[in-house]
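J.: Next come the chains, spelled out residue by residue.
Protein chains: 4
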Amino acid sequence: MEPFILVNFKTYLESTGIRAVELSRKIEQVSKKTNVKLGVAPQFCDIERVARSVSLPVFSQHLDPVTPGAFTGHVLAASLKEAGAAGTIINHSERMLRLHDIEIVIGKAREAGLMTVVCAGTAALAASAALLEPDMVAIEPPELIGSGRAVSKEKPEIVSDSVAKIRSVNGKVRVLCGAGISSGEDVYAALKLGAEGVLVASGIVKAADPESVLMDFCQAVRRIM
Amino acid sequence: MEPFILVNFKTYLESTGIRAVELSRKIEQVSKKTNVKLGVAPQFCDIERVARSVSLPVFSQHLDPVTPGAFTGHVLAASLKEAGAAGTIINHSERMLRLHDIEIVIGKAREAGLMTVVCAGTAALAASAALLEPDMVAIEPPELIGSGRAVSKEKPEIVSDSVAKIRSVNGKVRVLCGAGISSGEDVYAALKLGAEGVLVASGIVKAADPESVLMDFCQAVRRIM
Amino acid sequence: MEPFILVNFKTYLESTGIRAVELSRKIEQVSKKTNVKLGVAPQFCDIERVARSVSLPVFSQHLDPVTPGAFTGHVLAASLKEAGAAGTIINHSERMLRLHDIEIVIGKAREAGLMTVVCAGTAALAASAALLEPDMVAIEPPELIGSGRAVSKEKPEIVSDSVAKIRSVNGKVRVLCGAGISSGEDVYAALKLGAEGVLVASGIVKAADPESVLMDFCQAVRRIM
Amino acid sequence: MEPFILVNFKTYLESTGIRAVELSRKIEQVSKKTNVKLGVAPQFCDIERVARSVSLPVFSQHLDPVTPGAFTGHVLAASLKEAGAAGTIINHSERMLRLHDIEIVIGKAREAGLMTVVCAGTAALAASAALLEPDMVAIEPPELIGSGRAVSKEKPEIVSDSVAKIRSVNGKVRVLCGAGISSGEDVYAALKLGAEGVLVASGIVKAADPESVLMDFCQAVRRIM
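Chains as they are written, first to last, in the working numbering: chain R, 1 to 225; chain E, 1 to 225; chain W, 1 to 225; chain C, 1 to 225.
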């Protein structure tokens, strides 16, 4: 499976508003140059203008288990879809959901034609999530998120163990890994361990030169492909 | 104080995506024709394109108590501001906050230059909210929301009691009332009871002809002004 | 595996305080007469005196993902254990947990020597829960809870499908089923479908004669054993 | 008003199970010796046996906004009352509630004959809480909780400002203060600033000799009375 790199913009000021659009354009340039599949996950308010501005797949950072109707302040699948989103992150460690709601949200996303990336912090949780049949599962040990210490190098066994556990219950789901990924080496290690992509945030968004770091990521991908 | 009517789009399909823009344009027309101050509160993903399309004040339906940073899936004040929002609803009965977070969110909104409308379901809660010094407080008895039975006619004492309780602790906050408002008569009754505006949702969004219902609302406002 | 019937006392007044003790004594009598394995799950405040009064295994209705320390108002595993609890229900549909916390709570319970029953509303969620290796999983479709319409008769395929899905990922976990169980026939149907016990609440607690209904349950169990 | 000292046992192991009873007995001795009004707030599972063992007023650490019925895993007012509780802490910074639920919980407690202590972290929040008419409000700046640095000495203006703000909206509510209180001097300072009691946790529970620290607290109270 061709690897996928998803850049989570979180609520960093560096990737808010017009800067979300600008960063997405840089990411699109790298994707075109390297022919590596990249995606972006801006904040809700920025989804529409990012989707209008670039041809990358745009993900939401969250989706609520709600239907159209009286749900003030919630994120509706149809709203993401109409804004141009291609998918959504679910259950990120900074926005965790109840087990029950994860199943509902995956269903709502699928009905709306949105891809799903469910995050999980341990191998067992990743396998549990995989049983609910999302499109992708992302392993992210919370203690490494934003640490600059890459899961694929600090805790390689979590990645390989997760891949094994997930594969024993779901042969189709794409496995991403994240947390602390900040160099091409980290990406290369992740793919070697069986991941089929990475979820990255501060490693790109807070980088002095996001474009060159991402270029480094993509060259690591090319070494594998 | 010149009355203010805020239309909450909730997650109704009738007010999602391009239909949020279209409905906002109709609302803008009514505002221009009647010279009554109107505002709209679309879903997060629609704030930016609505704000780009109309000159009405655009409100978010919710704001999270977060700072710029690692808060995946949350709503940041700076993101609302950059999208063109003029303010935000807080603590709607469909998206209630902890007391502690209401104070934080009001502070975050103020710092970002966003107006705040804090919702409350009872007179005592409305006064509690008013002590935290938002720009507006909206009384909405949850049992009447979406009922078609207007708070200003079904439970006028809640409105007058709330106005009195709020005024005893805060002389400046604007008092809105909501829940079940669906005709000019309901609006007139609300203003007569001391409200300085209304919060309305299904009464406009789900109306067969939103423009004509809103025109009826605005004529009621003109009778008072 | 010898079937197990767990009676959830919820927050019914009929099973609060001294009535929790009295009901537990009746349940103990039936267990002794029929030699069927029964357990009770009273409210937190009643666990200690119920555990002191009867020899049945006593379960908590919930456990929080906390450690000893500064967690005012939370339920600590060591506190349940010292009160005499033998185990705990986790993720009941009326007290659902985040996926992440389910894994933590199962671990905390195990360390404290408490058995775990994780509830789930669908077959897929039950299998997800089973992957986290609790002692028992209970299938309870939320729409049938308290309905008087038994899951084992109304939706037998949910029970058999859950048993199959759970068994494909975990060969050891005990599978209970619940929701609407109110007669020996319902219990018999559940066991025939592969369940190894039932979780019951209003069917016993709110019965005019709890003892005789439970006797009926136990006779159904004896027919299978 | 005669000062009141409430000792919150949190989920400390030092105050769990039989040690909750033992600590309560020590606290009762100090209360008898000094004639100062003391109370204890053990964990849910310990309320009944503590209430049976001592004549001190026993508080719960939390109460849920639920009615008798299908609320598995929640804390019911009637359950606390039957276990012998005299009151409950509400909205502790480690177990915060939505504004809406604070009003409901105060009402449920009052109906059940339970006293209420609502916690708040700032002067404005304390006044908001006081408007909902609990029996007591406790000011506890979260940043000082468990710090060993007493609010009454580190941030005396928070205490005096809170007392003033609370008094401007509610003349009857008892004002406690907490966070970091660990000596008689801290208690004396708090009472001098207008507080009518203190809420203390680690300062007593984790003390090498809880009895002697509490004796020091009570002597400070006697200096004022």
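Hints are supplied without guarantee of correctness; some may be wrong.
[Stated by the list, open to error] Heads up, simulated DSSO-like pairs for lysine-lysine below, C-alpha to C-alpha not over 27 Å straight-line:
#1 W:172 <-> R:172
#2 C:33 <-> C:192
#3 W:172 <-> R:165
#4 C:192 <-> E:172
#5 C:172 <-> C:155
#6 W:155 <-> W:172
#7 R:37 <-> R:153
#8 E:37 <-> E:26
#9 W:155 <-> W:206
[What the hints assert, rightly or not] Simulated restraints on C-beta separations:
#10 E:29 <-> R:135: 37 to 45 Å
#11 E:67 <-> R:223: 34 to 42 Å
#12 W:154 <-> C:107: 32 to 40 Å
#13 C:113 <-> W:172: 29 to 37 Å
#14 C:194 <-> E:67: 52 to 60 Å
#15 C:69 <-> R:194: 42 to 50 Å
#16 W:143 <-> E:18: 31 to 39 Å
[Unchecked claim] Computed footprint of chain W on chain C; a stretch qualifies when at least three of its residues, placed anywhere within it, have a C-beta under 8 Å from a C-beta of chain W:
#17 13-26
#18 76-83
#19 159-168
#20 174-184
#21 212-223
The hints are simulated quantities; they were obtained by calculation from the structure and are not laboratory data.
Even for Gly, the Cβ is constructed at its ideal location relative to N, Cα and C.
J.: Taking the hints in turn, state whether each one holds.
T.: A quick look at each hint next to the structure:
1. Restraint check for residue 172 of chain W and residue 172 of chain R: the C-alpha separation of about 26 Å stays at or below 27 Å, so the hint holds.
2. Between the alpha carbons of residue 33 of chain C and residue 192 of chain C the distance comes to roughly 23 Å, so the proposed pair stays at or under 27 Å and holds.
3. As the CA atoms of residue 172 of chain W and residue 165 of chain R are separated by approximately 17 Å, the hinted pair is consistent with the 27 Å bound.
4. In summary, the hint linking residue 192 of chain C to residue 172 of chain E is not supported, as the alpha carbons are separated by about 33 Å, beyond the 27 Å threshold.
5. Proximity of residue 172 of chain C to residue 155 of chain C is assessed by CA-CA distance (about 24 Å); at most 27 Å being required, the pair is judged to hold.
6. Proposed proximity of residue 155 of chain W and residue 172 of chain W is supported: the alpha carbons are some 24 Å apart, at most 27 Å.
7. Taking the CA atoms of residue 37 of chain R and residue 153 of chain R, the gap is about 23 Å. The hint holds against a cut of 27 Å.
8. Our distance criterion of 27 Å between C-alpha atoms is met by residue 37 of chain E and residue 26 of chain E, whose separation comes to about 14 Å.
9. Only pairs whose Cα atoms come within 27 Å are accepted, and residue 155 of chain W paired with residue 206 of chain W is accepted, the gap being roughly 23 Å.
10. At about 43 Å, the beta-carbon gap between residue 29 of chain E and residue 135 of chain R stays in the expected band of 37 to 45 Å.
11. The hint said 34 to 42 Å for the Cβ distance between residue 67 of chain E and residue 223 of chain R, and at roughly 38 Å that hint holds.
12. In this structure the supplied range 32 to 40 Å holds for residue 154 of chain W paired with residue 107 of chain C, their Cβ-Cβ distance being about 37 Å.
13. For the hinted restraint 29 to 37 Å between residue 113 of chain C and residue 172 of chain W, the CB-CB distance of approximately 48 Å leaves it violated.
14. The supplied range of 52 to 60 Å is broken by residue 194 of chain C and residue 67 of chain E, whose beta-carbon atoms lie about 33 Å from each other.
15. Range check, residue 69 of chain C to residue 194 of chain R: Cβ separation about 49 Å, and the 42 to 50 Å hint holds.
16. For the pair residue 143 of chain W and residue 18 of chain E, the supplied restraint of 31 to 39 Å holds, since their beta-carbon distance comes to about 35 Å.
17. Figure legend: the region 13-26 of chain C, annotated as covered by chain W; annotation consistent (4 residues with Cβ-Cβ distances under 8 Å, at least 3 required).
18. Counting residues of the region 76-83 of chain C whose beta carbon lies closer than 8 Å to any beta carbon of chain W gives 6, which reaches the threshold of three, so the coverage claim holds.
19. For the region 159-168 of chain C, the stated coverage by chain W is violated: 0 residues have a C-beta nearer than 8 Å to a C-beta of that chain, whereas at least 3 were required.
20. With 0 residues having a beta carbon nearer than 8 Å to a beta carbon of chain W, the region 174-184 of chain C misses the requirement of three or more and the stated coverage is violated.
21. With 0 residues carrying a beta carbon less than 8 Å from a beta carbon of chain W, the region 212-223 of chain C misses the three-residue requirement, and the given coverage is violated.
Taken one by one, the earlier hints fail for this structure at numbers 4, 13, 14, 19, 20 and 21, listed in ascending order.
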